[in-house]
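Q: Add chain B to chain A, keeping to what the hints say.
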Amino acid sequence: MADQPLMPSSPLEIEEREISFSTRLNEFPWWFVAMISIAIWVFYIILTRENFNEAFNFIKVGLTITIQTALTAYGIALIFGLIAGLGRLSKNVVSNNLARLYVELVRGIPMLVLIFFIALVGVPAVVNGLNAFGEWLFTMGVDPIAGLFTAFNNQNISMNARAIVALAVTYGAYLAEIFRAGIQSIEHGQMEAARSLGMSYGQAMRYIILPQAIRNVLPALGNDFVSMVKDSSLVSVLAVRDITQVARLYAGSTFRFREAYVTLSVMYLTMTVLLSLLVQQIERRLRRDV
Amino acid sequence: MSETKDNIIVVKDLYKYFGDVKALNGVSLTVERSKVVVVIGPSGSGKSTMLRCINHLEKPTSGEVWIDGELLTGSPKQLNETRAEIGMVFQLFNLFPHLTAIENITLAQKVVRGRSKEEAQEIAMQQLRRVGIPEKADSYPRKLSGGQQQRVAIARSLAMNPKIMLFDEPTSALDPEMIKEVLDVMLDLASAGMTMVCVSHEMGFARSAADEIIFMDEGVIVEHTTPEGLFSNPQHDRTKLFLSQILHH
Chain A
1 MADQPLMPSS PLEIEEREIS FSTRLNEFPW WFVAMISIAI WVFYIILTRE NFNEAFNFIK
61 VGLTITIQTA LTAYGIALIF GLIAGLGRLS KNVVSNNLAR LYVELVRGIP MLVLIFFIAL
121 VGVPAVVNGL NAFGEWLFTM GVDPIAGLFT AFNNQNISMN ARAIVALAVT YGAYLAEIFR
181 AGIQSIEHGQ MEAARSLGMS YGQAMRYIIL PQAIRNVLPA LGNDFVSMVK DSSLVSVLAV
241 RDITQVARLY AGSTFRFREA YVTLSVMYLT MTVLLSLLVQ QIERRLRRDV
Chain B
1001 MSETKDNIIV VKDLYKYFGD VKALNGVSLT VERSKVVVVI GPSGSGKSTM LRCINHLEKP
1061 TSGEVWIDGE LLTGSPKQLN ETRAEIGMVF QLFNLFPHLT AIENITLAQK VVRGRSKEEA
1121 QEIAMQQLRR VGIPEKADSY PRKLSGGQQQ RVAIARSLAM NPKIMLFDEP TSALDPEMIK
1181 EVLDVMLDLA SAGMTMVCVS HEMGFARSAA DEIIFMDEGV IVEHTTPEGL FSNPQHDRTK
1241 LFLSQILHH
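Those protein sequences? They're chains A and B, same order as listed.
In terms of our numbering, the first sequence has 122 at position 122, counting the first letter as 1, and numbering is strictly consecutive.
Here our numbering = 1-based position in the second sequence + 1000.
Chain A extracted, bound-state conformation (with noise of 0.2 Å):
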């Protein structure tokens, strides 16, 4: 025993060897291999060619809003979303119905078409309504509250901010799916023993169970980043100048199309798969330690 073989002894051992092997070239990432070389490809001919070069240049301007705008939205999503997500569980009947209005509504309607309606037409009317409120506490005769409501001006509320409301209103209502989700895969037990010590449902949900369920889906969550990353260039159709909208103004000018949408998609080719890199390597943390 004290001196095993260095080489493989048997003819089995061998084959064994050999299938692992031939499996390991199967399973290899093949795809991905390819991907990463396409990006480095065109990261290259970006820096040698002057024509790409001066596209990128142009269209990475455009990548602070479409961080800023894909980020915004997103964290007020995760609001809406684990208020919706909280409503759809909940007993009373209006908030569950009010909640289950939102997610249907928003998931029966296109994207964009969405987009459209809420910076267009949702945003203005809510600041119309607010306005409203606001003349009606002057004619009562609440000056100082008023004044908030009267402030706000459609001229003054820009395109940037309609088209971040409305991207977190639509993806609010994909959140609240994964939380419901995630608040539900949590055992009824936990809610018992939580209720069963004196905590109130609100104390259980935000000591007990929310901790664990948000743990739960955070793989979910981080997907759905990525998805808010790509979603973020149909904002482009409100002019908010993310990189889209600039590689559409650049195609526009030039007539370099080749240049101004290979550009961008490697742009949002490398950050989204730098983003999913990440979610995996939390998925994969997540996994040990439970």
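Simulated from the structure, these hints should not be mistaken for laboratory data.
Among the hints, a few may not be true.
Cross-link-like lysine-lysine pairs, in silico, BS3-like; alpha carbons within 25 Å at most [stated by the list, open to error]:
hint : chain 1 : residue 1 : chain 2 : residue 2
1    : B       : K1059     : A       : K91
2    : B       : K1077     : A       : K91
3    : A       : K60       : A       : K230
4    : A       : K91       : B       : K1022
5    : B       : K1035     : B       : K1163
Some chain A residues close to chain B (C-beta under 8 Å, calculated; not the full set) [stated by the list, open to error]:
hint : residue
6    : G189
7    : Q190
8    : E192
9    : A193
10   : R195
11   : L197
12   : G198
13   : M199
14   : S200
15   : Q203
16   : Y207
17   : I208
18   : P211
19   : Q212
20   : R215
What you are looking at is a predicted structure, and each value in this text was computed from that prediction instead of being measured.
Cβ coordinates follow ideal geometry from the N, Cα and C atoms, glycine included.
A: Structure of chain B alone, referenced to chain A:
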């Protein structure tokens, strides 16, 4: 209003239906302070449902539950206050997996009782010593054996200084070699004068610790007597049959 001071739990005409299933079919029960009551009966007889109605984890379909002279009305505020006074231990422990043992024990003390972090931790350590595993304070539940988890769960309830402890089959999910360590804690608690209602088929525990024993079947209390009376002289055929089934092997 006419309850005497010593009856800490009074249950009157309790009915509980789950859809068409009648889990409780008119249960009345009085438990005196510092008594240990063991509830036995076949599965589906309503033992756990009765226990869970005492702290309103299940809302009874009809009937009254009085805790320490106060009628439970179902108002959220009163329920939270009452439940803080009633510890409950579950079959599957239900420890909070994202918290360490000591965090499991301090959380409700801080959130519900409003104790400071230091005070809660001191009390938690006292209770962990009482159940014999102070060295596991910083362990997460998944690192503990079933018996240790259940002892942490008991410590978690005791840290709230409850007047009553309810045990819902606390040892039936445990490996045989861990049952004793949990029963020892329960015996210790019984001798310290805690009011306890235990759904359990541990007959050894019933014999040595119970003041009263209840046999339930089909949602009613068939017999309510002393352990001695039940084991040596059961009155009803159903009780005899059940005892022969659980005792003969």
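Q: Hints first: check each against the structure and report whether it holds.
A: For each hint, the structure was consulted:
In summary, the hint linking K1059 (chain B) to K91 (chain A) is supported, as the alpha carbons are separated by about 15 Å, within the 25 Å threshold. Straight-line distance between C-alpha atoms of K1077 (chain B) and K91 (chain A) comes to about 17 Å, which keeps the hinted pair within the 25 Å bound. Pair hint K60 (chain A) plus K230 (chain A) holds up; C-alpha atoms about 16 Å apart against a cutoff of 25 Å. Simply put, K91 (chain A) and K1022 (chain B) have alpha-carbon atoms about 24 Å apart, close enough for the 25 Å limit, and the pair holds.
Restraint check for K1035 (chain B) and K1163 (chain B): the C-alpha separation of about 11 Å stays at or below 25 Å, so the hint holds. Taking 8 Å as the C-beta contact cut-off toward chain B, the hint placing G189 (chain A) at the interface holds, the least distance being around 4 Å. With a least beta-carbon distance of about 6 Å to chain B, the hint placing Q190 (chain A) at the interface is held under the 8 Å criterion. The interface hint given for E192 (chain A) holds, since its Cβ lies 6 Å from the closest Cβ of chain B, which is under the 8 Å cut-off.
A hinted interface residue such as A193 (chain A) counts as satisfied when its beta carbon comes closer than 8 Å to some beta carbon of chain B; here the least separation is about 4 Å, so the hint holds. A distance limit of 8 Å between C-beta atoms decides the matter here; for R195 (chain A) the minimum to chain B is near 6 Å, and the interface restraint holds. Residue-level restraint check for L197 (chain A) holds (minimum Cβ-Cβ distance to chain B is 4 Å; threshold 8 Å). A hinted interface residue such as G198 (chain A) counts as satisfied when its beta carbon comes closer than 8 Å to some beta carbon of chain B; here the least separation is about 3 Å, so the hint holds.
Because the beta carbon of M199 (chain A) sits about 6 Å from the nearest beta carbon in chain B, less than 8 Å, this interface hint is met. Hint status for S200 (chain A) relative to chain B: holds, with the closest Cβ pair at about 5 Å, below 8 Å. Taking 8 Å as the C-beta contact cut-off toward chain B, the hint placing Q203 (chain A) at the interface holds, the least distance being around 5 Å. Evaluation of the Y207 (chain A) hint against chain B yields a held restraint, the C-beta minimum of about 6 Å falling below 8 Å.
For I208 (chain A), the interface hint holds, since its Cβ comes within 8 Å of a Cβ in chain B; the closest pair sits about 6 Å apart. Against a cut-off of 8 Å between C-beta atoms, the interface hint on P211 (chain A) holds, since the closest Cβ of chain B lies about 5 Å away. For Q212 (chain A), the suggested interface contact is upheld, since its CB lies about 5 Å from the closest CB of chain B, less than 8 Å. Taken as an interface hint, R215 (chain A) checks out: its beta carbon lies about 7 Å from the nearest beta carbon of chain B, inside 8 Å.
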